[in-house]
Amino acid sequence: MSNIAAIELSTLKLQRVVLEVFGGCNYTCKMCPQGTEEGREPSFLRKMPLRLFEEILDQITPKYGKPVINLEGSGEPTLARDLPKYIQACTDRGLKSFIYCNGANFHGQYMRDCIDAGLTLIRFSVIGYNREEYKHWMEVDNWDLITRNVIEAIAYVKETGADCSIDSYHLIQDPNNADYELAEYRKNFIDVVGTNAYVWKMHNWAGNLEAGYQRLGFGITEKRSCGRPFAPELTIRAGGLKGHRGAVTPCCQTMGPPAESLSVLGHMDTQTFEEVWMGDLYENLRDAHMKGEFDRVPFCENCDFLIADPEVLVWSNVESVKLGRPLGTELNMNQ
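Numbering-wise, the sequence shown is residues 7 to 341 according to the working numbering.
If you're looking for bench data, these hints aren't it; they were derived computationally from the structure. Mixed in with the good hints, there may be bad ones.
Taking lysine to aspartate or glutamate pairs in the EDC-like style, the calculated list, with each CA pair at most 16 Å apart, reads [as the list claims (entries may be wrong)]:
(1) K229 with E307
(2) K72 with E60
(3) K19 with D64
(4) K72 with D98
(5) K36 with E138
(6) K19 with E336
(7) K69 with E14
(8) K102 with E60
(9) K164 with D122
(10) K53 with D88
(11) K193 with D150
(12) K19 with E280
(13) K102 with D122
(14) K207 with D180
Model, not experiment: these values are computed from the prediction.
Generate coordinates for the entire structure from the input sequences, incorporating the hints supplied.
Quick look at the structure:
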């Protein structure tokens, strides 16, 4: 189990803040709680008000460092028509901004406005190693659209010299057929569009979904802390409970019922960052992880991120990528 100690406010330097702009999604992917019959709870399907977004940025930076700002959380950020304003708010404060998205809306003037506002990285989620598999898993026939959008974005970055990385993300559907799937991914998409690419095993969204297989790697079943409750990172939802906005959760994995509501540690629309970070709910979560008492945490106990699988990152063409290190940070979740 991790021996990382809780980070005190006096020494805290956040490295990543997942600050969700939009909680809903225009896809119903099979591997995501957004695509289940229940879907994501309505109170989390909201848009983060720009004013609250900026207030949160000003609370945490630069006092607590200059973290990378991920604008997606667990929703689709490109459903926010004014997304460039959120990116610009980060740029104006000297902060890097990332978005992970399905990419269906990321083209034309909208794409150009986002990149011009200072977007540092966009990662397209492309689950399925060919057009048919993409349609099966993401439940929409957008393979050609996404391919065009990626190529268009890469061309615009080259044309303008923008400091923006164009990445793609894939998940292995059948771990017994991983070599074939990887070869097909590379041939049919990665080599065609030329992105930085990451191929991972699936995960179970804090136990909310049955992933089809577990991250048991080499028969390892013993649980250990994922490290997130102690890490210098923060996850904030666009929505929240009982009409609130800016719900703080331990990580992005607690998405959808029942884990998401259970995992709320506070709300940034009525509490300060300090009140949430040092609050009883966050402290109890850290204590349970320090002691390995995961059955005390209903939104953690069935999460497969507690299983140490050294092969969960299947392949990447980015030499600097490391297991347990979120993009754009020096975090090491495997200590």
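message = When the structure is checked against the list of hints, which entries are broken? Sort them ascending.
response = Structure breaks no hint.
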